[in-house]
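Novice: Sequence:
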Amino acid sequence: MLEMIFDPYSYPFWVLIIVILVGVIAIISRPFSTYVKFVYPNAKFEAIGNPFVSEKSLSSLVESKHLSSFVESVNAVKDYDIQGDTVAAVQQSLDNAFLRTILMMRKDSAKKMDAFYQAYLQKSDGYLIKQALRQKIEGKQLDPSFTERAHDQHTKTLLHMIEEGDADQLPKLLESQGVDRSVVDTLSANPIDFLVVDTAIDRHTLQRFSEVKLPYKCTQATKQFIAVTKDIQNIKHLLRAKQLEYPLETFDHLFLGDGQEIASWKFSELAEVDSVSQIIASLEGTSYYVPLKDAIEQYTQDESVQVFEQALDRRFLHLVRDISTQHYVTIGPTLRFLVSKEFEIKNLKIIAKGIAEQFSPSMITPLLVMEDPA
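All residue numbers for the sequence shown refer to our numbering, where the first residue is -6 and numbers rise by one.
Hints listed in this document are in silico derivations from the structure and should not be mistaken for laboratory results.
Worth double-checking, as some hints may not be accurate.
The calculated DSS-like cross-link candidates involving lysine-lysine, where the alpha carbons are at most 27 Å apart (straight line), are [to be verified]:
id, residue 1, residue 2
1, Lys37, Lys216
2, Lys30, Lys210
3, Lys286, Lys58
4, Lys342, Lys123
5, Lys105, Lys235
6, Lys105, Lys149
Ranges of calculated distance between the beta carbons of each label pair, as one might list FRET restraints [what the hints assert, rightly or not]:
id, residue 1, residue 2, range
7, Ser280, Ala108, 27 to 35 Å
8, Asp101, Ser53, 24 to 32 Å
9, Gln213, Phe187, 29 to 37 Å
10, Phe187, Val32, 27 to 35 Å
11, Asp173, Ser261, 21 to 29 Å
12, Gln294, Val29, 49 to 57 Å
13, Pro184, Glu157, 44 to 52 Å
14, Ala108, Glu168, 48 to 56 Å
15, Val32, Gln294, 44 to 52 Å
16, Arg127, Glu238, 19 to 27 Å
As the structure is a prediction and not an experimental result, all values here were calculated from the model.
Every residue, glycine too, gets a C-beta built ideally from N, C-alpha and C.
Take the sequences, apply the hints, and build the full model.
Specialist: What follows is the structure, given as structure tokens:
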């Protein structure tokens, strides 16, 4: 039997050869089939670019004297068409621009990326859920713009239910909508700690995002993205909680999960130090240390961890740029364009608000998140 199979003059021998060749071609071609799917969208995203995370583009915008001139300057850049003559209208138009960007990206990407974009919309809407829950629990009237500002239909439905429901029914309501049990439990606590609630919501949205099925060869880049996101958020939670003098036992509820450099043991170690400055010192050896150390002088003057959060956001942009470079032929440039666009929209909304409030450029600029020069 074996002699027949390995006899080059026999029929089974050539069947075996063809099967092996087909298998080898399939293995070799699979990565290339993924690369081909990203050639056009990545080229388009890079051609569009993200000018409003660069100092050069933002510095001219903050000099705008009136909201109308700001809108005109933004609309001079391709792919922006901002409308409105009030801050609220302009900011809503900017939110709509982000949604249009997501829809454009989804249209130009492979069908297998649909779930990724949907999950990203839900992640981006997380802040609206946080604000709505806070207002409801505090007995305030919900901001009527929340539902309109939401990008995802599931978020809109959830916001509507929060608005119509009773505050004491929030845990049951969220559970009925498939929200993670950890979020539900934070709303059942007495008293409710909103930083803990926010953390639970972030953990829930990141978990959903991590479960999205992606095209072949895209998983590693997305895992790195989620890991650095956890790092950034974990450090922010540590700094804010330490500034507010939270008891040590509360820190356990502020951990999002192991990141790229901040594992659970490191988080616990950082939680046990006595001050914000000591947290920064204890981060030496990580890639987050230098940008945070450089912001200590400003923190000493302002006594606000906001300066550290700005530094971390800039570091986040840098890390996403690194992910883009490492995974250039697949999802890397897509992630970079998407994240940068989100920061662009935030920057433009801040500038619009600052101009309307007649803030000086020197007051607006420190609030913006800019990508470090390459």
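Novice: Taking the beta carbons of Pro184 and Glu157, is their distance inside 44 to 52 Å?
Specialist: 24 Å, violated
Novice: Is the hinted pair Lys342 and Lys123 satisfied, with a Cα-Cα distance of at most 27 Å?
Specialist: 19 Å, holds
Novice: Starting from Lys286, check that the Cα of Lys58 is at most 27 Å away, please.
Specialist: This hinted pair is violated, its Cα atoms lying about 35 Å apart.
Novice: Does the hinted range 27 to 35 Å hold for Ser280 and Ala108 at CB?
Specialist: 30 Å, holds
Novice: Phe187 and Val32, beta-carbon distance inside 27 to 35 Å?
Specialist: Distance hint for Phe187, Val32 is violated at roughly 45 Å.
Novice: Take the C-alpha atoms of Lys30 and Lys210, compute the straight-line distance between them, and say whether it is at most 27 Å.
Specialist: Status holds; Cα separation ~12 Å.
Novice: Does the structure keep Lys105 and Lys235 at a Cα separation of 27 Å or less?
Specialist: Given that 27 Å is the threshold and the Cα spacing comes to 42 Å, the pair is violated.
Novice: Does the structure keep Lys37 and Lys216 at a Cα separation of 27 Å or less?
Specialist: Given that 27 Å is the threshold and the Cα spacing comes to 24 Å, the pair holds.
Novice: Assuming the hint says 48 to 56 Å, is it satisfied by the Cβ distance from Ala108 to Glu168 or not?
Specialist: 23 Å, violated
Novice: Taking the CB of Asp101 and the CB of Ser53, does the distance hold inside 24 to 32 Å?
Specialist: Because 29 Å falls inside the window, the suggested range holds.
Novice: Does the Cβ pair Arg127, Glu238 satisfy 19 to 27 Å?
Specialist: 21 Å, holds
Novice: Is the distance from the Cβ of Val32 to the Cβ of Gln294 consistent with 44 to 52 Å?
Specialist: 49 Å, holds
Violated hints, in rising order: 3, 5, 10, 13 and 14; the structure is consistent with all others.
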